[in-house]
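Asks: Take the given structure of chain A and dock chain B to it, following the hints.
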Amino acid sequence: MAIKDYLRERFFPHLWCSGCGHGIVLNSLLRALADLGMSKNEIVMVSGIGCSSRISGYVDFHTLHTIHGRALAFATGVKLSRPELNLLVPMGDGDALAIGGNHFIHAARRNIDLTAIVMNNRIYGMTGGQYSPLSGQGIMATTAPYSNIDYDFDTVELAKAAGATFVARSTTYHTQQMTKMFRQAILHEGFAMVEILSQCPTYFGRKNRAGSAIDMMESYKENTTPIGSKSKMENPDLIERGIFVQKEVPEYCNEYDKIIEKAMKGR
Amino acid sequence: MAKPKLKEHIINSEWCKGCGICVHFCPKNVLEMDDEDSALAARPTDCICCKLCEIRCPDLAIEVILEKETE
Chain A
85 MAIKDYLRER FFPHLWCSGC GHGIVLNSLL RALADLGMSK NEIVMVSGIG
135 CSSRISGYVD FHTLHTIHGR ALAFATGVKL SRPELNLLVP MGDGDALAIG
185 GNHFIHAARR NIDLTAIVMN NRIYGMTGGQ YSPLSGQGIM ATTAPYSNID
235 YDFDTVELAK AAGATFVARS TTYHTQQMTK MFRQAILHEG FAMVEILSQC
285 PTYFGRKNRA GSAIDMMESY KENTTPIGSK SKMENPDLIE RGIFVQKEVP
335 EYCNEYDKII EKAMKGR
Chain B
12 MAKPKLKEHI INSEWCKGCG ICVHFCPKNV LEMDDEDSAL AARPTDCICC
62 KLCEIRCPDL AIEVILEKET E
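Protein sequence lines, in the order shown, are assigned to chains A and B.
Taking my numbering, the leading residue of the first sequence gets 85, the next gets one more, and so forth.
Taking my numbering, the leading residue of the second sequence gets 12, the next gets one more, and so forth.
Watch out, some of these pointers could steer you wrong.
Under the rule of at most 27 Å between Cα atoms (straight-line distance), these lysine-lysine pairs were calculated in the DSS-like manner [unchecked claim]: (1) LYS244/A to LYS349/A; (2) LYS39/B to LYS331/A; (3) LYS331/A to LYS244/A; (4) LYS346/A to LYS16/B; (5) LYS331/A to LYS342/A; (6) LYS331/A to LYS79/B.
Calculated Cβ distances over 12 Å to all of chain B for the following chain A residues [as the list claims (entries may be wrong)]: (7) ILE87; (8) GLY107; (9) MET317; (10) GLY326.
To be clear, the hints were calculated from the coordinates, so they are not data collected in a lab.
The C-beta atom is built at its ideal place from N, Cα and C for all residues, glycine as well.
Bound-form chain A, shown alone (with noise of 0.2 Å):
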């Protein structure tokens, strides 16, 4: 299946500004769903709100575009009643770990079979350029004027911490390998949390002077490295890429039928 088969193209252009990484990650992400041969009928996607969500919107699979920092709710809500079902829910960094932390650390806990995808920009774009749980500090925003105090969470170690059963990191400089950990992440059989670093050249570039979007792309390249790396160990400061967790621990919803069948027992 061609990725434009599954574009609902009417919507396009879309809106993301000009160079926008989220872009680049929807692209990848029809890929992965390309490469893996699935049908739009067996998707469906939950988003909340913010410019990450409205990813929701292009897609022509089931679509939920549901409220700020709850997706991961609805999505567990529609998991548990069509558990054939393959659930993918992109939030941005705001969405994901501020106003959803709490959802964002359970639904890890739970282990319920859903991928979902941290679009980290580091910043609210939509409402203009707002700091996030993310920016980190010394990092200029519009609520940041004199510069961030705040420091930042690291999304890996969090997921890791809540009990993720698949946890990876990416960027949009490395799109292949971006590609190839969505179609892992789909394929896994319980929580799993794919973290890419994405570019928003309007807001967070302009406000730290970090360039074009080509630039800041290039700063993903140079500033990352493959986990366990040499040059991690001469330079602390990379930020790592690749697969931090991968492991088989039994699914919510398989767990859940358990039950059902016990309460059952004898009708």
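Replies: Chain B alone, transformed into the frame defined by chain A:
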């Protein structure tokens, strides 16, 4: 396996927002921006069909079409 052979680049200028990512990351410098800030395949004969432009395009505006392999 034979080398993939280029048929054409299909660039949807209605969708292209002119970010220049394809032009910058093309290893063979095949693409250019035109007068209206839309991508253009200026040197298609240099194309090695790696499709890096197609997979990195945030606007999903480029398709690299290959010649069907003949026996």
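Asks: A separate judgement is required for each hint: does it hold in the structure or not?
Replies: Against the structure, the hints:
no. : hint                 : verdict
1   : LYS244/A to LYS349/A : 36 Å, violated
2   : LYS39/B to LYS331/A  : 41 Å, violated
3   : LYS331/A to LYS244/A : 11 Å, holds
4   : LYS346/A to LYS16/B  : 60 Å, violated
5   : LYS331/A to LYS342/A : 21 Å, holds
6   : LYS331/A to LYS79/B  : 41 Å, violated
7   : ILE87                : 7 Å, violated
8   : GLY107               : 3 Å, violated
9   : MET317               : 29 Å, holds
10  : GLY326               : 19 Å, holds
Hint violations for this structure: numbers 1, 2, 4, 6, 7 and 8, all remaining hints satisfied.
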